[in-house]
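Protein chains: 2
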Amino acid sequence: MSRFWSQIVSKLSPYVPGEQPKTEQLIKLNTNENPYPPSPKVLAALAQEASEQLRLYPDPNAESLKQTLADYHQLSPDQVFVGTGSDEVLAHTFQALLKQDKPLLYPEISYSFYPVYCGLYEVNAEKIPLNDKLEIDLEAYRIDNGGIIFPNPNAPTGQLLPLDQIRQLLEFNRKSVVVVDEAYIDFGGQSAASLVNDYPNLLVIQTFSKSRSLAGLRVGFALGHRDLIDGLERVKNSFNSYPLDRFAQAGAVAALHDQRYFEQSCQKIIDSRQWLQQQLENLGFNVLPSSANFLFVSHPEKDAEQISQSLREQSIIVRHFKQPAEISQYLRITVGTQQECEQLITCMKTL
Amino acid sequence: MSRFWSQIVSKLSPYVPGEQPKTEQLIKLNTNENPYPPSPKVLAALAQEASEQLRLYPDPNAESLKQTLADYHQLSPDQVFVGTGSDEVLAHTFQALLKQDKPLLYPEISYSFYPVYCGLYEVNAEKIPLNDKLEIDLEAYRIDNGGIIFPNPNAPTGQLLPLDQIRQLLEFNRKSVVVVDEAYIDFGGQSAASLVNDYPNLLVIQTFSKSRSLAGLRVGFALGHRDLIDGLERVKNSFNSYPLDRFAQAGAVAALHDQRYFEQSCQKIIDSRQWLQQQLENLGFNVLPSSANFLFVSHPEKDAEQISQSLREQSIIVRHFKQPAEISQYLRITVGTQQECEQLITCMKTL
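So the sequences go chain by chain: E and F.
Just so you know, numbering that gives the first Met the number 0 puts 296 at position 297 of the first sequence, and the rest follows in order with no gaps.
Just so you know, numbering that gives the first Met the number 0 puts 81 at position 82 of the second sequence, and the rest follows in order with no gaps.
Worth flagging that the hints you see were computed from the coordinates, not collected in a lab.
Among the hints, a few may not be true.
Note that identical chains are pooled: a pair holds if it fits in a single copy or bridges any two copies.
Stated by the list, open to error - Here are the simulated BS3-like cross-link-like pairs (lysine-lysine), alpha carbons at most 30 Å apart as the crow flies:
no., residue 1, residue 2
1, 174, 21
2, 126, 21
3, 40, 21
4, 10, 101
5, 348, 132
6, 21, 348
7, 348, 101
8, 132, 40
Construct the complete structure from the given sequences, taking the supplied hints into account.
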């Protein structure tokens with residue numbers, strides 16, 4: 000607390016990201032990074048960018064990247080917004096679209112950055128409980144609201160909503176913006192991007208951090224009606240003209256051009272996820288059905304925090320959330336390489 | 000205007016950056032980029048980052064970069080804040096420190112992003128006129144205020160305030176934050192970074208975009224008392240955990256390590272600036288004394304916008320601001336390579 004802070008600062012409860020350990024000896028299954036490297040074509044494109052051109056500003060409108068994303072999702076470039084990771088895209092979305100007189104609705108157990116954004120922009124919000132299977136129940140969102148946001152698949156549960164349920168919500172809820180936060184959609188879900196042309200109040204947010212193996216590059220994007228995108232652009236252009244550096248723009252474009260590598264690497268993770276789920280169930284864990292690159296698991300007899308600590312002693316990091324109470328006995332385990340999954344199971348067996 | 004926008008969006012007047020032309024045939028003297036490439040050591044460090052590690056998030060706290068900046072400026076890492084270009088650092092500063100009940104003071108003719116940030120965060124502000132030499136007169140800032148911000152050297156005038164005047168302001172003004180925005184300080188000014196340990200309300204902001212030739216990498220930073228930095232960190236961690244990607248962090252560290260290259264490239268620009276000023280004066284231009292990598296010039300007989308258009312027809316872009324009226328007859332000309340400066344003078348002679 001400082002007398003020089005503006006009023007909002009002392010009220011903030013900042014987000015705490017998962018640990019980024021300094022040692023490389025650890026098996027890192029705590030921040031849902033992709034265990035496979037980016038496409039070699041991406042690395043080649045990035046190496047090209049280490050050039051004299053860096054003295055010049057990047058394209059402030061990231062036109063090449065927007066065009067590539069538009070082509071990929073069969074939309075037009077003015078239906079695409081890009082930012083420094085989906086976190087920056089989300090931040091602008093809360094300020095530009097979700098701050099309304101009526102309350103924003105989001106799942107009580109969900110991405111823990113949502114309440115942080117609400118604090119930063121003083122967004123009035125109402126948390127909607129999950130059902131008793133820890134699923135998002137979209138029926139519960141059919142109440143008066145100033146906006147709706149949920150991840151699909153949800154984090155940290157990994158559970159997926161089918162596209163027809165999202166369409167039903169959009170049919171009912173036409174007066175406020177609905178944001179589908181699809182950070183993990185490529186690991187088995189069906190994107191709501193295909194609904195963008197049908198619903199002017201739908202915004203779909205994705206990232207290159209997970210399925211494209213580019214967490215270190217910080218690129219996220221939103222797809223929606225040009226009026227929604229225009230609102231985001233107005234906030235972005237009042238915040239930072241050039242959020243994406245030359246590497247971020249070039250690497251993301253190259254990633255979209257290597258579809259085969261992308262599909263293969265997603266499939267490997269899906270295969271390992273199925274294997275890991277089976278093994279954990281064999282060890283007595285309850286494993287929620289996951290469509291993400293992580294599993295959300297609990298054990299009827301063992302304390303989650305203790306398991307997490309024991310794994311840590313064996314150089315494996317997983318994520319344990321102490322809050323809220325409903326999930327304090329769960330662990331979120333990122334799906335690593337097949338070898339890392341096998342090492343995890345070997346360790347689990349010794350507990 | 001869309002019914003889905005939050006209230007603030009329709010009120011915004013976003014910043015308009017200088018043109019980034021697609022063709023490389025142009026001599027680009029409009030956005031104050033450095034005409035010399037980044038240090039070869041920086042390019043080598045950046046090429047190294049095009050690696051498999053990109054699948055992992057960058058260090059959210061940029062500890063290596065903060066330590067390197069702290070060492071460079073003889074401060075400690077908790078006196079350093081980093082962001083995606085100084086624009087992002089400025090945005091967080093307006094929200095975290097400059098939004099107060101009393102008005103923020105800034106120069107009437109100055110970086111045109113300041114009023115945009117005031118719009119975005121609803122900061123109450125009062126513009127202080129320049130004196131009749133288009134200089135910042137810090138005596139005029141000795142009034143009740145909620146914060147003070149000015150660039151040094153000022154943009155787009157290029158004029159420098161000596162450090163003792165800034166110290167005098169800080170002696171007088173102890174109750175509110177004073178931000179010195181030093182984007183262009185390395186081209187002949189003396190940084191207020193040396194005053195950070197003496198004044199807990201001083202924040203100094205710099206960038207790698209200009210003197211380090213890294214506009215394309217998007218790295219800026221702030222130096223100040225740990226309480227001010229903590230306020231910025233709280234906002235940053237409520238906005239985006241990982242604003243700086245792996246390239247930005249590694250490239251900035253490498254740039255700070257090549258002091259000799261940095262000094263040589265600044266000196267070349269200073270030399271060309273002096274030559275260009277003399278030549279323009281020979282052609283009848285009024286040239287404000289500049290300590291930046293640009294000149295702010297007017298001609299008693301020729302219309303600024305017409306000169307700008309004529310230069311454009313000869314493939315040279317300079318920056319003309321139509322607003323405010325006091326500077327509508329001025330052009331801001333970035334100091335290019337010596338060869339570019341010579342081409343500019345050749346063109347000017349034909350007008």
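Against the structure, the hints come out as follows:
1. Taking CA atoms no more than 30 Å apart as the test, residue 174 paired with residue 21 passes in neither setting, with 47 Å inside one copy and 40 Å between copies.
2. Taking identical chains as interchangeable, the C-alpha atoms of residue 126 and residue 21 are never at most 30 Å apart, the minima being 36 Å within one chain and 47 Å between chains.
3. In the homo-oligomer, the alpha carbons of residue 40 and residue 21 lie at most 30 Å apart both inside one protomer (28 Å) and across protomers (24 Å), since each shortest distance falls under that limit.
4. Within a single copy, residue 10 and residue 101 get their C-alpha atoms as close as 21 Å, and across copies as close as 20 Å, so both meet the 30 Å cut-off.
5. Taking CA atoms no more than 30 Å apart as the test, residue 348 paired with residue 132 passes inside one copy only; the shortest distance there is 27 Å, against 78 Å between copies.
6. For a Cα distance limit of 30 Å, the shortest separation of residue 21 from residue 348 inside one copy, 27 Å, qualifies, whereas the shortest one across copies, 59 Å, does not.
7. Taking the closest pair of Cα atoms, residue 348 and residue 101 never come within 30 Å of each other, the shortest separation being 50 Å inside a single copy and 63 Å across copies.
8. With identical chains, the CA atoms of residue 132 and residue 40 are never at most 30 Å apart, being 42 Å at best within one copy and 55 Å at best between copies.
Going down the numbered hints, you'll see the structure goes against 1, 2, 7 and 8, while the others check out.
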